[in-house]
Every structure is written in C-alpha cells, then in structure tokens.
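Asks: If you want the building blocks of each chain, they are given just below.
2 protein chains.
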Amino acid sequence: MTESSGDQHAKHNARMKRVQAARAKMQARRTIERGLLIVHTGNGKGKSSSAFGMAIRSLGWGMKVAVVQYVKGSWETGEKNFFQANPDLLTFEVMGDGFTWDTQDRAQDIAAAKAAWERSKELIMNPEYDFIILDELNIVLRDDTLDIGEIAEFLKQRPLEKHICITGRNAKPELIEMADLVTEFEEVKHPFKAGFKAQKGVEY
Amino acid sequence: MTESSGDQHAKHNARMKRVQAARAKMQARRTIERGLLIVHTGNGKGKSSSAFGMAIRSLGWGMKVAVVQYVKGSWETGEKNFFQANPDLLTFEVMGDGFTWDTQDRAQDIAAAKAAWERSKELIMNPEYDFIILDELNIVLRDDTLDIGEIAEFLKQRPLEKHICITGRNAKPELIEMADLVTEFEEVKHPFKAGFKAQKGVEY
Chain A
1 MTESSGDQHA KHNARMKRVQ AARAKMQARR TIERGLLIVH TGNGKGKSSS AFGMAIRSLG
61 WGMKVAVVQY VKGSWETGEK NFFQANPDLL TFEVMGDGFT WDTQDRAQDI AAAKAAWERS
121 KELIMNPEYD FIILDELNIV LRDDTLDIGE IAEFLKQRPL EKHICITGRN AKPELIEMAD
181 LVTEFEEVKH PFKAGFKAQK GVEY
Chain B
1 MTESSGDQHA KHNARMKRVQ AARAKMQARR TIERGLLIVH TGNGKGKSSS AFGMAIRSLG
61 WGMKVAVVQY VKGSWETGEK NFFQANPDLL TFEVMGDGFT WDTQDRAQDI AAAKAAWERS
121 KELIMNPEYD FIILDELNIV LRDDTLDIGE IAEFLKQRPL EKHICITGRN AKPELIEMAD
181 LVTEFEEVKH PFKAGFKAQK GVEY
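Chains as they are written, first to last, in our numbering: chain A, 1 to 204; chain B, 1 to 204.
You may find that some hints are simply not true.
Claimed, not checked - Distance condition first, Cα-Cα at most 25 Å in a straight line; then the derived BS3-like pairs of lysine-lysine:
| # | chain 1 | residue 1 | chain 2 | residue 2 |
| --- | --- | --- | --- | --- |
| 1 | B | Lys-200 | A | Lys-25 |
| 2 | B | Lys-200 | A | Lys-156 |
| 3 | B | Lys-189 | A | Lys-156 |
| 4 | B | Lys-193 | A | Lys-17 |
| 5 | B | Lys-189 | A | Lys-172 |
| 6 | A | Lys-17 | B | Lys-72 |
| 7 | A | Lys-64 | B | Lys-197 |
| 8 | B | Lys-200 | A | Lys-121 |
| 9 | A | Lys-25 | B | Lys-25 |
| 10 | B | Lys-193 | A | Lys-25 |
| 11 | A | Lys-64 | B | Lys-25 |
| 12 | B | Lys-156 | A | Lys-197 |
| 13 | B | Lys-197 | A | Lys-17 |
| 14 | A | Lys-80 | B | Lys-64 |
| 15 | A | Lys-72 | A | Lys-197 |
| 16 | B | Lys-17 | A | Lys-189 |
| 17 | A | Lys-11 | B | Lys-72 |
| 18 | A | Lys-189 | B | Lys-156 |
| 19 | A | Lys-200 | B | Lys-64 |
| 20 | A | Lys-197 | B | Lys-17 |
| 21 | B | Lys-197 | A | Lys-156 |
| 22 | A | Lys-64 | A | Lys-156 |
| 23 | A | Lys-25 | B | Lys-72 |
| 24 | B | Lys-172 | A | Lys-189 |
| 25 | A | Lys-72 | B | Lys-156 |
| 26 | A | Lys-197 | B | Lys-25 |
| 27 | A | Lys-64 | B | Lys-172 |
Keep in mind the hints are simulated off the structure, nothing from the lab.
Take the sequences, apply the hints, and build the full model.
Replies: Structure below.
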C-alpha cells in the first residue's frame with residue numbers, strides 16, 4: 001500500500017458519499033417486511049453453521065428460536081453440546097438418528113423423519129417462536145424419506161411473521177422456487193481432500 | 001412417497017452398508033490434524049453467520065473463541081447484542097467504524113483497520129485462544145485499506161494449533177491460495193431484489 005495523498009483521500013471520500021447516497025435510495029425502495037423462507041444448499045461447508053449463526057443474531061434481538069436437527073441424532077456435535085449446556089437460549093431438538101449409512105434401516109429413518117416433521121410443524125405454528133431452523137431437512141427430502149409435496153403444501157400456508165431456514169445439499173427445486181433467500185454454498189477447497197480429519201469446531 | 005416393500009428396504013439397507021464401508025475407508029486416509037485457515041467469500045449471504053455458527057460449535061467443545069469485526073462498528077447487530085450480553089462466552093471486539101461509505105474518511109478507515117489488525121495478531125499469538133474469527137477482513141483487503149502482503153506474511157507464520165476464519169466477499173487470491181478450507185457463498189435468490197428490507201436475525 002502506498003501512502004495516500006490528501007488529494008486521493010478527498011477523491012475517495014467524495015466517491016464514498018455518492019455510494020452512500022445510492023445505497024440510501026436503494027434501501028428506500030425496500031419496504032416489504034415479513035418472515036423469510038431461507039434455503040442453504042450446495043456442496044460447500046457452512047450451511048448448518050450459517051443457520052446457527054443466524055440463531056445467534058436472532059437471540060441478540062430477543063427473538064425466540066427453535067432448531068430441529070433431522071440427521072445428526074447419534075453424533076456428538078459442538079452445537080448440540082452448546083445448546084444443551086445453555087437450554088434457556090433456545091429450543092434444540094435432535095430428531096434424526098445419524099445418517100442413513102449409519103442406521104441402515106430405512107423404515108426407522110422414515111419414522112424418525114416423520115416424527116421430526118410433526119415436531120417442526122408444531123414449532124412453526126407456535127406463535128411464540130420467531131425463527132425455526134430445519135437442519136438437514138433437504139437431505140431427507142432428497143432421499144424421499146419425506147415427501148416434498150406434503151412439505152411444500154404446508155410451507156405455502158406458513159405463518160408469515162417468522163423466519164424459517166432449511167439446510168442441506170441438493171435442495172428440491174420446489175423449495176428453491178418458493179423460498180425468499182437462497183444461498184448456494186460452493187466448495188472451493190476442502191481440507192478432507194488434502195488428508196485432514198474432520199476438525200472439532202469446524203466440521204462438527 | 002409410495003409405500004416401500006420389505007425388498008426395497010433390504011436393498012436400501014445393503015446399499016447403505018456399502019456406503020458406510022466406503023466412508024470408513026475414506027476417513028482412515030484422513031490423518032492430518034491441525035488448525036485450519038478458513039475463508040468464507042462470495043456475493044451470497046451467510047459468510048459471517050457461518051463463522052458465528054462455528055464459534056458456537058467450538059464453544060460446545062470447550063474451545064476459547066475470539067471475534068474481531070472489521071467493518072460493522074457503528075451498527076447495532078444481533079451478534080453484537082448477543083455476545084455483549086453473554087461476555088463470558090467469547091471475546092468479541094468491534095474495531096471497524098461502519099462501512100467506508102458511512103465514514104467517508106479514508107485516513108480514519110486505515111487507522112481503524114490497522115488497530116483491528118494489531119489486535120487480531122495479539123489474539124492469534126495468544127495461546128489461550130483456539131478459534132479466531134476475522135470478520136469482514138476481506139473487505140478491508142479488497143479496498144487496500146490493509147496490505148495483503150503483510151497479512152499473508154504473518155499468516156504463513158501463524159501457530160498451527162488453532163483455527164482462523166476470515167470472512168468477506170472478494171477474498172484476495174493470495175489468501176485463497178494459502179487457505180485450507182474455502183467456501184464460495186453464491187447468491188441464488190436475495191430478498192433485497194424482491195423489495196424486502198434487511199431483516200433482523202437474518203441480515204444483521
């Protein structure tokens with residue numbers, strides 16, 4: 001970085017003033033306020049952790065948050081440890097029973113997913129909650145463990161005053177179509193491929 | 001979803017057993033364990049919230065976490081509210097002073113960014129900390145408010161027992177090159193474009 005002269009600073013500051021004005025104009029056009037249907041998908045890392053980060057943001061505004069985890073039931077995870085050690089913070093329910101390659105029992109997977117979805121509907125309909133995270137729901141939809149038709153139908157009728165965030169790779173097109181905010185998490189570089197083990201705090 | 005027959009279930013379960021075996025083999029090849037240099041970049045939403053979610057994971061494992069926010073100083077955010085209301089959880093330092101289009105003072109931006117970087121170096125070198133988040137550092141690097149050369153040089157010598165996560169769009173190629181884990185957050189659908197205001201708990 002070269003030392004900026006006073007001239008360069010004045011130019012920069014004038015440009016920033018124009019950017020600020022343009023942003024103010026843009027923001028004035030954004031008037032809709034209601035709960036968002038959010039989808040985190042893609043093959044990259046960070047879909048669930050980003051949802052947990054939004055939970056922290058929401059808690060910081062005094063909102064009430066619930067998480068339903070669809071597929072990590074049998075694992076010990078940092079988020080499970082944290083939220084179970086701080087039960088006053090939010091409602092955290094682990095309904096799945098590990099990934100299906102651990103259970104190897106499709107009938108049991110379907111039963112667990114159905115129970116998780118019933119609980120999710122209750123939480124979505126409960127006016128106390130402002131933010132609902134359905135973690136890895138996309139995975140059980142992708143595998144047809146739950147039926148996308150039924151879930152899309154329910155979400156169309158959802159109460160619009162709360163946010164719902166659905167995570168997991170391979171989100172169904174029906175869900176992307178109806179969502180307000182969709183981010184694709186794209187893997188650029190992953191430590192697994194360089195021979196790293198899954199790391200505490202990062203992967204789980 | 002059609003009712004699965006016993007045959008279909010048996011087939012599924014056998015396939016899952018093969019997947020499980022393949023995964024076990026793959027995991028056995030992953031032997032490296034050390035702190036990761038993580039970069040969250042791209043134009044999509046979720047880069048910072050994903051870092052905060054990893055903070056939650058790390059806290060769940062009893063790790064010590066520090067966050068330095070480079071550019072959100074003057075804003076009220078959910079994460080600031082939450083971490084300041086729960087000061088025992090982690091070290092949270094807000095060093096930036098709003099985005100540059102709010103300050104319109106490049107000299108002040110440079111001074112604030114330099115102070116944030118000095119503090120970041122202390123936290124990285126402090127053996128007490130296991131996870132350091134440098135939130136929106138990419139932005140001040142993109143704008144040459146800080147010099148990528150100096151920062152890359154320091155990061156090459158970093159202590160390898162801790163994770164460092166750097167967020168912000170337009171990550172410098174030098175940083176992507178040296179990182180262990182890079183995710184590109186790609187915007188698929190953003191509510192701003194449909195006329196939504198920034199929503200509490202989601203955007204801030």
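Asks: For every hint, state whether the structure bears it out.
Replies: Checked hints:
1. B:Lys-200 - A:Lys-25: Holds - the C-alpha atoms of Lys-25 of chain A and Lys-200 of chain B are around 20 Å apart, at most 25 Å.
2. B:Lys-200 - A:Lys-156: 22 Å, holds
3. B:Lys-189 - A:Lys-156: 18 Å, holds
4. B:Lys-193 - A:Lys-17: 23 Å, holds
5. B:Lys-189 - A:Lys-172: 15 Å, holds
6. A:Lys-17 - B:Lys-72: 18 Å, holds
7. A:Lys-64 - B:Lys-197: 21 Å, holds
8. B:Lys-200 - A:Lys-121: 23 Å, holds
9. A:Lys-25 - B:Lys-25: Distance of about 56 Å is beyond 25 Å: violated.
10. B:Lys-193 - A:Lys-25: Holds. Lys-193 of chain B to Lys-25 of chain A sits at ~14 Å (cutoff 25 Å).
11. A:Lys-64 - B:Lys-25: Roughly 42 Å separates the two Cα atoms, so the pair is violated.
12. B:Lys-156 - A:Lys-197: 21 Å, holds
13. B:Lys-197 - A:Lys-17: Given pair Lys-197 of chain B, Lys-17 of chain A holds - Cα atoms ~22 Å apart, limit 25 Å.
14. A:Lys-80 - B:Lys-64: 17 Å, holds
15. A:Lys-72 - A:Lys-197: 18 Å, holds
16. B:Lys-17 - A:Lys-189: 28 Å, violated
17. A:Lys-11 - B:Lys-72: 23 Å, holds
18. A:Lys-189 - B:Lys-156: Holds, because 18 Å separates the two Cα atoms, which is no more than 25 Å.
19. A:Lys-200 - B:Lys-64: 12 Å, holds
20. A:Lys-197 - B:Lys-17: 22 Å, holds
21. B:Lys-197 - A:Lys-156: 21 Å, holds
22. A:Lys-64 - A:Lys-156: 22 Å, holds
23. A:Lys-25 - B:Lys-72: 21 Å, holds
24. B:Lys-172 - A:Lys-189: 15 Å, holds
25. A:Lys-72 - B:Lys-156: Judged against 25 Å, a Cα distance of about 35 Å means the pair is violated.
26. A:Lys-197 - B:Lys-25: Answer holds: Lys-197 of chain A to Lys-25 of chain B is near 12 Å, not above 25 Å.
27. A:Lys-64 - B:Lys-172: 38 Å, violated
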